[in-house]
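A.B. asks: We have chain A; now place chain B onto it with these hints.
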Amino acid sequence: MQITVVVLGVAIGALVLSMTASHKSLPEPAGRIRPEDVRVTAPFDNPGVRQVGENEYEVVMIAQAWEWVPNRVEIPAGSHVTFKVTSVDVIHGFRVPDTDLNAMVIPGQITEVDVDFDEARDFTLLCHEYCGIGHHRMGADIVIVEN
Amino acid sequence: MTATIETPSPTPEPEPVVTPAQARTWQIDIPGVTQADLSPLKWQLYLALLAFGIGALMGLLQALERANINLYDEVRLQSYYQGLTLHGVAMVLVFTFCFANSFLSLMTMKAYGRPLKSRLISQASTWSATIGVALALWAILANKATVLFTFYAPLQATPAFYVGAVLLVISTWLVLVNMIWTLADWRKDHPKDRIPLLAYASIISYIMWFLASLGIAVEVLFYLLPWSLGWRDQVDPQFTRVLFWFTGHPIVYFWLMPIYVSWYMLLPGQVGGKIFSDGLTRIVFVAFMLLIPVGAHHQFTDPGIPFSSKSLQWLLTFAIFYPSVVTLFSVVASLESGARARGGKGLIAWIGKLPWGDPAVAGQLLAGIIFMGGGASGLVNASLTANLVVHNTSFIPGHFHLTVGTAVALSIMAISYWLIPYFTGKRLYNRPLAVVQVWTWAIGVSIFSRGQMAGGIEGVPRRTLIQEATYKDNFNWALSHALTAIGGTIMFIAAVMFFVVVFGTIFSNRAVTTVQKVPLAPIINGPRDTWAIMDRIGMWTLITIVGIVIVLGELIFHYWPIWPVSPGIQLW
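Chains A and B are the protein sequences, given in the same order.
Heads up, the first sequence is in our numbering, so the first residue is 1 and it goes up one at a time.
Heads up, the second sequence is in our numbering, so the first residue is 148 and it goes up one at a time.
Hints are computed from structural coordinates only; laboratory data are not their basis.
Just so you know, not all the hints are guaranteed correct.
Footprint (simulated), chain B over chain A, 3 or more residues, beta carbon under 8 Å [stated by the list, open to error]:
(1) 49-55
(2) 122-130
Label-pair distances were calculated between CB atoms; the ranges are [stated by the list, open to error]:
(3) A/P76 / B/I430: 55 to 61 Å
(4) B/A466 / A/R121: 39 to 45 Å
(5) B/V647 / A/A77: 58 to 64 Å
(6) B/G377 / A/V49: 37 to 43 Å
On a predicted model such as this, the values are computed, not experimentally measured, just so you know.
For each residue, glycine too, the CB sits at the ideal point set by N, CA and C.
Okay, chain A solo, but in the shape it has when bound:
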């Protein structure tokens, strides 16, 4: 009985601990937007990279069948980057392999995820949710350049 309580206690404690730790990596409700309003509503009326602080950048992107707008972004190494993404048509998937960037892009919702880019290297942003016949053509370059 005591052993059961201890094991269960440790398991639940570990779950709660990792829950607080994982809070940051997941997208959370960051606002809603009508798909038809996306192109005329800030910040999505002007997609691209902008600096919002020392070593802090914001990348605004639009997902549409079958491309990312913009389809290439350059960010200096050693930056903390927040991506703000939404869709103008169907559901897309926002995935950058070798990072924790992994989120759904759902029409009507704004997806906000952030990440630290420490080293200069090239990453690929790809769509990982079926979005029609050209789904596999939906890639973009995320280039981390020397600071």
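C.D. replies: Chain B in isolation, oriented as in the chain A frame:
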């Protein structure tokens, strides 16, 4: 037809060649059950196997695509994604549902020792499934529903696709109605008895599924179908996803629970062992029902779902590990009791004494062993953080081809090896081939899933025509693709072997010479010691509903209001 299938055969010939008239009669072990009672179940099983055949062919095309061989033109399909829709719908909706309808209807008859209360409802279920499959198949083959089996809005299929899905789900509800009616009828004659374990597990599976299916029922009937018909302009893609995954997680239980019925109650009988515990078995089935509302763990990366809902349903998800570990313990204990009765010795060596030469046993043993890999990889997907590495990558199909693709599919193949003789009175054709078949599948899926999982960790997206991907040269995915292609092709070869055995049996002229039995095992513990409260099915249903209202209510309360912003879009 009211005559029972009881042909007295005092001295059975070893291999009688029978005339077609004689072939219609054989003995089964359930009193009062006629061929007319079995017929709708048999045809529902055939429908399941037809879907499996179509799905397997699509699987081969997908595997070959990984090897840069594109055969979609040759089979007159418009695209990889059309084939993928066919694969998903055929495998996880039609194959699994129709098997459950057939198998658990038969288990209910066996448990009560009588036919189901209404043969008409059984027939209606089979017809509903058949018409539903025909409609959905037409919609997909006409390239009017290339929306994959998840049919996420705003991708919009033709109305026939959604109507087909509704009819398929109705076929399962009809089976539940028949089970409840049969239970009530049996209860009149047995007011004090415990509900037989086999019937209990069957009806709990179907009540679980009925409650779980309400999410998709609301999604389709209130949103997607009216929207597809033009009666509704816009739907909320985030909210319809919530409804989809409310059903989309416990649908996994509905795939598994008929298999658990076999593993818990029949497989021990097939190896000469006993059911470990009546009470523990009932608790596991009820636990699955209680754990319906965990669908948000498929939506960890959705932008519109608050963290509170994700974390709550994530904790509940880990509770599923409890019935899974109990199952591992109970089923292995039952198997061990059989193996030791057959002279098995040692800590591990007893496993060799199990009847591996029986394809119905070997297939389920391999399915169970591979399921352990499925459970372990499931812990990765279920974790809030680790999921970020694998979500929507090919790791996920790598995982679920070990669960639904093997624990369930290979078990269904193995069960078919005794069920088809039971339904047809024909002897199993080419037993050695059947044994080779289950091993071939197990080897194929092991290679396939190894490839898919490794690829997923390295970024391969799922559901993607990968050889045409514009970004594929940025990655080194060659090994993953090779293993996936080789493993998938081996699985297809195993599926062909399966159909050789199935058709060989159905069209055989060799009749069975013994009474066909459902291999129900005796019980070591219970049901005398089982808590009486376990049989209060209505109470457990009510507790489940309260839990669903709390957990789903929490999500909807935070999500409100529904945000219908998307018109239907066809992009294929």
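A.B. asks: Quick one: are B/G377 and A/V49 within 37 to 43 Å, going by C-beta?
C.D. replies: holds, 42 Å
A.B. asks: If you check the beta carbons of B/A466 and A/R121, does the distance land in 39 to 45 Å?
C.D. replies: holds, 41 Å
A.B. asks: Between the segment 49-55 of chain A and chain B, see if three or more residues pass the 8 Å beta-carbon test, and mark the coverage as holds or violated.
C.D. replies: violated (count 0)
A.B. asks: Kindly confirm whether 58 to 64 Å is satisfied by the beta carbon distance between B/V647 and A/A77.
C.D. replies: holds, 59 Å
A.B. asks: How does the Cβ-Cβ distance of A/P76 and B/I430 compare with 55 to 61 Å: does it lie in that range?
C.D. replies: holds, 57 Å
A.B. asks: Using C-beta distances, would you say chain B covers the segment 122-130 of chain A, given that this needs three or more residues below 8 Å?
C.D. replies: Per the Cβ count (7), the hint holds.
Consistency note: the structure conflicts with earlier hint 1 alone.
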